[in-house]
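Please build the complete structure, drawing on both the sequences and the hints.
In the working numbering, the protein residues as written are 629 to 872.
None of these hints come from the bench; they were simulated from the model.
Every value quoted in this text rests on a predicted model; they were computed, and no experiment measured them.
Treat each hint with caution, since some may be false.
Using 27 Å as the maximum straight-line C-alpha spacing, the simulated DSSO-like pairs for lysine-lysine come out as follows [claimed, not checked]:
{"hint": "1", "residue 1": "K673", "residue 2": "K716"}
{"hint": "2", "residue 1": "K733", "residue 2": "K673"}
{"hint": "3", "residue 1": "K716", "residue 2": "K791"}
{"hint": "4", "residue 1": "K791", "residue 2": "K739"}
{"hint": "5", "residue 1": "K739", "residue 2": "K856"}
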Amino acid sequence: MEFLASPEFWVALGQIIIIDILLGGDNAVVIALACRKLPPAQRTKGIIWGTAGAIILRVILIAFAMTLLALPFLKFVGAILLVWIGVKLLAPDEDGHGDVQGSDKLLAAIKTIIVADLVMSVDNVIAIAGAAQNAGEHQFLLVVLGLLISIPIIVWGSQLVIKLMERFPLIITAGGMLLGWIAGGMLVTDPVFANVDKWQWMLKIPQTDVIRYGASVAGALLVLAVGKMVLARRTAAATPAEHG
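Here you go:
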């Protein structure tokens, strides 16, 4: 237990908690979007179980952070998945089955939270892994402690976002676009595009702030455009059926 007396341990723990809180804004939006259609009685369950699953996977991801981030096309695939999740959140499936069990929808919400958080974590875990490395030993303990401390903040934040979405539906659109923003920035930093020494058969993208910012904007607009298009097609398809 000597490490508890080490200033480096507490500094690193503080850094990890701050990173978790800052990144928790994204997580809170995703969790809130995924759980907004659940009955109020199931929302807390969806938030807690979805967050717990996401945290467990994030700990595993951080353990392999350096290796995973170097894999080609991982960010590319993750970015496409995030865009798809963003569109699904903007234009959720209206299955119209009144007899669907609540547990099915609860599990779907939990799955959405875990998948989205896992994809979004690809870019984020490197910061946490870097902060933990500064403490020398007990790095994995640091990561777990930091995440455990930040869980209540993320859970509370997502419940607050749900209440805000009920009053201001525009937040749903902003949340979907946020996923697109993250996806755009993630895609252009994939090693196959960023590493000029490897995978030279691939197009190389200059790693400048302008490029990353532009890609993030493009990702956000793509999610908005596709989401609106899907909703418009659904409305157009439903209108003749209603008149018929």
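Each hint, compared with the structure:
no. : hint        : in the structure
1   : K673 / K716 : holds, 21 Å
2   : K733 / K673 : holds, 12 Å
3   : K716 / K791 : holds, 20 Å
4   : K791 / K739 : holds, 21 Å
5   : K739 / K856 : holds, 24 Å
The structure shown violates none of the earlier numbered hints.
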